[in-house]
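Numbering (our numbering), first residue to last: 3 to 348.
Note that these hints are calculated values from the structure, not bench results. Please note: incorrect hints may appear among the correct ones.
What the hints assert, rightly or not - Listed below are the simulated BS3-like cross-link pairs for lysine-lysine, each with C-alpha atoms no more than 27 Å apart in a straight line:
no.	residue 1	residue 2
1	214	134
2	136	227
3	214	227
4	102	295
5	66	102
6	95	66
7	66	136
8	40	134
9	66	227
10	214	40
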Amino acid sequence: MTSPTIKKETKNKIRVEFERTPLLERLKAKFINLYTVKRVVWYLFRFLLLLGISYVILFPFFTKISSSFMSPEDFVDVTVRLIPRHPTLDTYKAVIVDNKYFEALLNTFILSLTCGLIQTFICCFVGYGFAKFKFKFNDLLFLLVIFTMVVPHATLQLSLFMEFRYFDVLGIVNFLGGGVIDSVKILESTSINMINTNAPLYILSFTGLGFKNGLFIFLMRQFFKGIPDELEESAYLDGSGVFRTFFSIIIPLSVTMMITVFMFSFCWQWTDNFYTELFYTTSGDILLPDIIKVPKSLDTNYAGQALYTSAIRNTCGILILFPLIILYLFGQRYIVQGIERSGITG
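Between the sequences and the hints, there should be enough to build the whole structure, so can you do that?
And the structure:
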């Protein structure tokens with residue numbers, strides 16, 4: 003065996019030889035080799051690829067944000083591209099005041115928050131049932147849930163409208179009112195008109211048939227299938243029932259996934275215009291999709307009318323999306339964790 007003295011002398015010789023080597027040669031020996039070159043090329047390629055993809059994705063947003071600060075003169079000035087020559091906030095002021103932005107913001111927030119909370123709880127409840135309980139026609143019912151994600155909404159448009167325009171559960175309202183339903187029409191006096199109210203959206207959310215509820219049930223089912231059955235079995239042995247186990251054990255474990263589902267539901271309801279245009283037929287409570295129009299105080303009758311009108315509509319879109327961006331900044335961590343734990347990628 004080599005003695006410690008010989009090892010120490012060998013290390014000292016190597017150190018002395020290394021110190022005598024010029025600095026430039028040492029740097030060449032360390033960095034200029036095939037492995038380092040491959041790493042540098044790979045990093046440069048990845049950086050340029052991500053930079054190009056980011057440019058393609060972000061450039062339309064930059065142009066829309068820039069045009070929202072432009073004055074009418076900038077749209078007829080051929081020298082103006084992205085940076086306004088006469089920046090102004092007149093477009094934002096007109097949209098906020100004339101289109102009643104804050105009123106629409108409050109109405110949409112109440113509607114989206116209520117639907118989001120209802121859908122989160124209902125989809126969590128239904129997803130837990132599909133994941134942990136075995137019953138007859140389980141797979142068939144879940145297939146029907148998936149089928150709701152496939153059926154286009156437009157095919158149900160007339161049926162949904164008529165159902166809530168003449169709302170009656172199993173003919174109970176008609177029976178109590180003494181009315182008669184024939185093959186020609188339904189008497190309005192013996193039904194409930196829910197059009198131009200939030201009730202249709204609340205009922206659809208509560209029954210698990212709301213916007214994208216099939217996807218939310220699927221996400222919750224995949225998440226609950228990953229929870230060990232031993233946790234529930236231990237709770238059952240301790241005397242807990244199904245509902246107590248669900249609320250005291252399962253719900254605390256699924257907070258991250260529930261936040262993810264809530265954010266998806268909130269955001270999709272926030273920008274929805276299919277159901278809102280279907281159930282809101284008269285000018286009542288305005289929602290955010292209703293503000294996408296040219297304010298009356300802005301004069302668009304000039305040479306750059308098309309560009310100016312497009313910029314105004316883009317400004318409306320920016321004001322609609324701004325609260326969602328703030329929400330995403332605070333909740334992006336929960337979205338990533340929820341998707342990761344749902345097992346949807348597997």
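Each hint tested on the structure:
At roughly 22 Å between alpha-carbon atoms, residue 214 and residue 134 fall within 27 Å of each other, so this suggested pair holds. Restraint check: the Cα-Cα separation between residue 136 and residue 227 comes to about 12 Å, which is no more than 27 Å; the hinted pair holds. In summary, the hint linking residue 214 to residue 227 is supported, as the alpha carbons are separated by about 20 Å, within the 27 Å threshold. At most 27 Å may separate the alpha-carbon atoms for a hinted pair to count; residue 102 and residue 295 meet this at roughly 11 Å.
For the proposed pair residue 66 and residue 102, the alpha carbon gap of about 21 Å is at most 27 Å, so the pair holds. Of the pairs offered as hints, the one joining residue 95 and residue 66 holds, with about 17 Å between alpha carbons and a cut-off of 27 Å not exceeded. As the CA atoms of residue 66 and residue 136 are separated by approximately 52 Å, the hinted pair breaks the 27 Å bound. Using a Cα cut-off of 27 Å, the hinted pair residue 40 and residue 134 is violated, with the two alpha carbons roughly 50 Å apart.
Between the alpha carbons of residue 66 and residue 227 the distance comes to roughly 43 Å, so the proposed pair goes past 27 Å and is violated. Proximity of residue 214 to residue 40 is assessed by CA-CA distance (about 46 Å); at most 27 Å being required, the pair is judged violated.
The structure is inconsistent with the numbered hints 7, 8, 9, 10, although it conforms to all the rest.
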